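Enquirer: Chain residues, written in single-letter form:
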Amino acid sequence: MAVPSFAGYPVTLFEAEILDGIAYGWTIYFLVINFVILIITGKNFFPSVLTIAVLIAMPVVFVGAAISYLIFLLGLGYPAGPAAYSAHYVSLCITMLTVIPLALSLVAIIPFQDFEQSMLNTTSGVSKIEKWALMFLRVFNHIVFFVIPTIVETMREEAQYKKWVDSSVEASSAGLLKGKLNLLVRRFTALIKDMTQVGVEGICASIQYIPLWAVEISQLPGRSK
Amino acid sequence: MSDSVQLATEYFTSYEQREQAFRDSVFSLIPRKYSGPRLFWNDFTNVSLEDLAAFSGHRLAYITSNPRDGLAFGTPWQVLRAAGLCARDANQSSGFVQNVAREFDLVDLLDQPIRTLSGGETVRLALAKASVAAAYAERLIIASPFSWLSRENAHFFQRLFECYRRSDHPLRLLALQGEDSDKPVTREEFPESLLNDFIDFGLHLKNLQIPLGSSFNPIYSRRTHAGVADFEASLQSPCLMVGGNGRGKSLIARILAGAISFKGQAALTRAQKPGPPRLLFQDVITQTLLRSFESLAGSTRCDNGLEPHEICRELLTEFRAARGGQDIQGPVAGFRSLLEVKAMLVAVRLCGRPGAIILDEPDWGLTRTAAVALVAAIVKVAHSCGIPILLISHKPWWRPIAKSVIRVDRTPKILNGAGGSAFEIRLRCE
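Chains as they are written, first to last, in numbering that gives the first Met the number 0: chain B, 0 to 224; chain X, 0 to 429.
Please keep in mind that the hints were generated in silico from the structure rather than gathered at the bench.
Please read all numbers here as calculations on a predicted model, not as lab measurements.
Glycine included, every Cβ here is placed at the ideal spot set by N, Cα and C.
Check the hints yourself; a few may be wrong.
Unchecked claim - In silico lysine-lysine, BS3-like type, Cα no more than 30 Å apart, as pairs: (1) LYS162/B - LYS182/X; (2) LYS162/B - LYS379/X; (3) LYS42/B - LYS262/X; (4) LYS42/B - LYS205/X; (5) LYS379/X - LYS42/B.
To be verified - Pair by pair, the computed Cβ-Cβ distance ranges are: (6) ASN45/X - GLY74/B: 27 to 37 Å; (7) GLN264/X - ALA83/B: 52 to 62 Å; (8) SER117/B - ALA134/X: 22 to 32 Å; (9) LEU38/X - GLY74/B: 16 to 26 Å; (10) ALA228/X - GLY41/B: 41 to 51 Å; (11) GLU429/X - ARG222/B: 55 to 65 Å; (12) SER260/X - TYR68/B: 32 to 42 Å; (13) LEU30/B - ASP229/X: 41 to 51 Å.
Using the sequences and the hints given, assemble the complete structure.
Expert: Structure representation (structure tokens):
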């Protein structure tokens with residue numbers, strides 16, 4: 000199922016467009032992939048996957064389009080205006096909403112943790128290539144099953160409070176457009192701030208123990224001949 | 000702890016000093032995350048430029064101040080197997096991992112991801128790994144060996160200590176002052192005026208089910224959950240939740256604060272309609288998400304117009320008062336101390352009119368005197384705002400100051416239990 004996203008075949012054969020940037024091939028592939036993920040991973044997993052995909056795809060698409068528009072306004076490029084690049088961003092959006100859920104589902108389906116186990120289940124030592132693989136798997140599993148869940152717990156604790164504040168603001172500004180707009184702006188700013196913090200914390204927490212683990216994994220006995 | 004352990008321990012007056020000493024002992028291989036992203040990145044770059052192969056010749060056994068951090072593999076089986084391979088013992092006996100696991104009461108946990116182990120289980124695994132490493136390690140270094148251990152697990156540590164002493168391996172035990180104390184807080188340590196101060200509140204748990212494991216589980220892994228027996232009680236703040244390692248105290252705290260997903264009802268109730276309860280995690284460094292002191296404060300504002308900075312200042316003033324005017328250690332090289340970070344995290348939470356403030360192992364990263372003074376300051380400021388405090392600890396320190404005590408216990412772990420429930424957590428008032 001994942002091969003077309005890497006190889007392009009046969010998705011790119013159906014190039015005819017429904018609208019500018021929305022080709023039949025990618026649209027059908029997007030729908031099929033997301034439907035299959037929903038069936039395989041279940042309704043508990045799929046909403047999280049879709050949320051992550053949207054959170055990653057939207058800033059990329061909108062910021063990209065905004066930069067292109069700025070280039071056009073400054074007269075540095077795109078003389079034909081938004082019509083010259085809008086199709087690219089619409090197509091990018093569809094691609095990202097297909098590829099990100101696919102990648103996340105692969106992570107959830109492939110038993111990466113078992114690979115670590117099987118590499119250590121040896122009586123003849125660990126080869127150099129296996130040590131590299133162990134290091135890669137260690138960092139990967141640490142990010143997916145440790146760093147991300149820990150950050151999510153911290154953010155959930157803070158979100159409870161934010162939700163409560165928002166609900167009281169919403170109640171007090173019921174019917175007022177200005178109040179609703181303020182709330183929307185605040186939510187958006189908070190989302191951007193949170194994503195930046197998550198990015199910094201995520202990177203640092205992911206790499207913090209790499210030197211220590213590298214030394215420890217390198218100390219595993221080499222394969223005896 | 001025995002006298003020989005105390006004699007072998009180096010005591011420090013701050014978290015930062017102890018972490019630095021640990022870091023020096025492990026060749027600066029761990030970048031300092033507690034001092035912000037810039038210093039972290041400098042440390043990481045410096046160690047990346049070193050030739051890591053040079054360190055491979057040094058065989059160290061170590062336990063980091065958060066024991067799960069130094070385990071290097073994903074499951075207890077992998078950790079013990081890797082240690083066994085290094086000790087060249089794993090090949091000699093097929094039951095090697097099982098034998099070590101039996102010795103440290105880890106048999107049922109061998110395939111469980113490390114993040115899903117409780118604090119007590121993680122400490123036992125770290126001790127088991129260090130025990131296997133005794134066969135090859137040049138020395139053993141442990142940061143804060145007493146902080147995570149409850150009394151029932153202390154004999155595992157004592158056994159490891161004796162094992163290294165017998166084999167004449169150098170030992171470096173790095174602790175914070177008073178961390179090893181088993182004595183309850185005395186009237187001299189805690190302001191007497193607070194001992195008569197209390198706030199009424201209630202705790203209500205019904206039909207609770209907590210999914211065990213990571214919030215991002217591989218879909219092929221079997222989802223298990225823990226049940227919580229229904230519980231309803233009228234309590235008084237400061238309330239203390241006690242229980243040994245791995246009883247489920249932190250799980251209950253996370254449920255009450257909404258940090259993990261669960262099914263059923265869990266609520267802290269008060270006469271006035273409050274906001275949600277807020278939790279100060281045990282590992283506050285992770286909780287900061289590497290935000291600066293300023294951005295931690297955010298833009299929250301109290302009903303009475305106070306800002307987190309002002310509440311934080313009030314907390315630190317009360318902290319100094321509880322220590323008889325003794326000053327706190329100020330920012331080190333521009334970075335705030337762990338104590339100040341804790342005070343700010345509590346201040347932000349106090350600003351939001353929470354239903355309660357939950358402090359999970361409030362002594363983590365602090366000396367005994369600092370921990371007692373900080374808890375006294377938090378109780379005073381929170382009570383003055385009408386906010387109840389729930390302390391969670393396996394240490395016997397806090398009993399004399401608690402107005403009500405809840406004991407958390409759990410049934411033994413049953414794999415493939417009825418309805419997928421691995422065990423049941425039970426609460427009772429003492």
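Enquirer: With reference to the structure, classify each hint as holding or not holding.
Expert: We went through each hint and held it up to the structure:
Restraint check for LYS162/B and LYS182/X: not satisfied, since their Cα atoms lie roughly 41 Å apart, outside the 30 Å limit. Between the alpha carbons of LYS162/B and LYS379/X the distance comes to roughly 28 Å, so the proposed pair stays at or under 30 Å and holds. Among the hinted pairs, LYS42/B with LYS262/X is consistent with the structure: their alpha-carbon atoms are about 16 Å apart, no more than 30 Å. Restraint check: the Cα-Cα separation between LYS42/B and LYS205/X comes to about 25 Å, which is no more than 30 Å; the hinted pair holds.
About 46 Å separates the Cα atoms of LYS379/X and LYS42/B, which puts this hinted pair outside 30 Å; it is violated. Evaluation of the 27 to 37 Å hint for ASN45/X and GLY74/B yields a failure: the beta carbon distance comes to about 46 Å. For GLN264/X and ALA83/B, the hinted distance range of 52 to 62 Å is satisfied, since their beta carbons lie about 56 Å from each other. Checking the proposed 22 to 32 Å range against SER117/B and ALA134/X shows it holds: the Cβ atoms sit about 24 Å from each other.
Evaluation of the 16 to 26 Å hint for LEU38/X and GLY74/B yields a failure: the beta carbon distance comes to about 44 Å. Range check, ALA228/X to GLY41/B: about 29 Å between beta-carbon atoms, so the 41 to 51 Å window is missed. Taken as a hint, the range 55 to 65 Å holds for the pair GLU429/X and ARG222/B, whose Cβ atoms sit roughly 56 Å apart. A hinted range of 32 to 42 Å for the beta carbons of SER260/X and TYR68/B is consistent with their spacing of about 40 Å.
Between LEU30/B and ASP229/X the CB atoms are about 45 Å apart, so this pair conforms to the stated range of 41 to 51 Å.
In this structure, the hints that do not hold are numbers 1, 5, 6, 9 and 10, in rising order.
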